[in-house]
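Using full-length UniProt numbering, read the sequence shown as starting at 1 and increasing by one per residue.
Worth flagging that the hints you see were computed from the coordinates, not collected in a lab.
Keep in mind that a hint or two might mislead.
[Unchecked claim] With a Cα cut of at most 30 Å, we get these calculated DSSO-like pairs of lysine-lysine:
(1) K109 / K77
(2) K9 / K77
(3) K72 / K136
(4) K136 / K46
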Amino acid sequence: MTPQELAAKTGENIGTSEWVEMSQERINQFADATGDHQFIHIDEEKAKMTPFGGTIAHGFLTLSMIPYLSAKSDMPKIDGVKMGVNYGGNKTRFISPVRAGKRIRGHWKLVEMIEKRPGQWQQTSEITMEIEGEDKPALICEWITQLFV
1 MTPQELAAKT GENIGTSEWV EMSQERINQF ADATGDHQFI HIDEEKAKMT
51 PFGGTIAHGF LTLSMIPYLS AKSDMPKIDG VKMGVNYGGN KTRFISPVRA
101 GKRIRGHWKL VEMIEKRPGQ WQQTSEITME IEGEDKPALI CEWITQLFV
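Please construct the entire structure, taking both the sequences and the accompanying hints into account.
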């Protein structure tokens, strides 16, 4: 698909990822990587006494899953992309905590696809991270990626 063909899908849902488990091991690894060892993430016994009823993933861990889930999605691939770079996010909201052991998946809606300069496109997508079996999503955000074709 060309960038122009994708741009024609503005306003449409363009993809859904596979389900991925948010395991306690993944949460612990993220805690080690970031230095955020708050008990609600890593101490299963203490976390049982909170309103969450157990350990939860860091909000930023859930957010950081965007590239991984994107790669595991059915979104259309743009022909000739040399590189994609995270540019930032807008309106990021952590709606519901993701309990350890739950599965999440991403849904992408194309908000904007504009050519910034020849061969450089800026893609803005609204991403909703669904939690399997839950009514409310884990997060909703607009994510911006620079694509070099």
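Hint by hint, here is what the structure shows:
no.: 1; hint: K109 / K77; in the structure: holds, 15 Å
no.: 2; hint: K9 / K77; in the structure: holds, 13 Å
no.: 3; hint: K72 / K136; in the structure: holds, 22 Å
no.: 4; hint: K136 / K46; in the structure: holds, 25 Å
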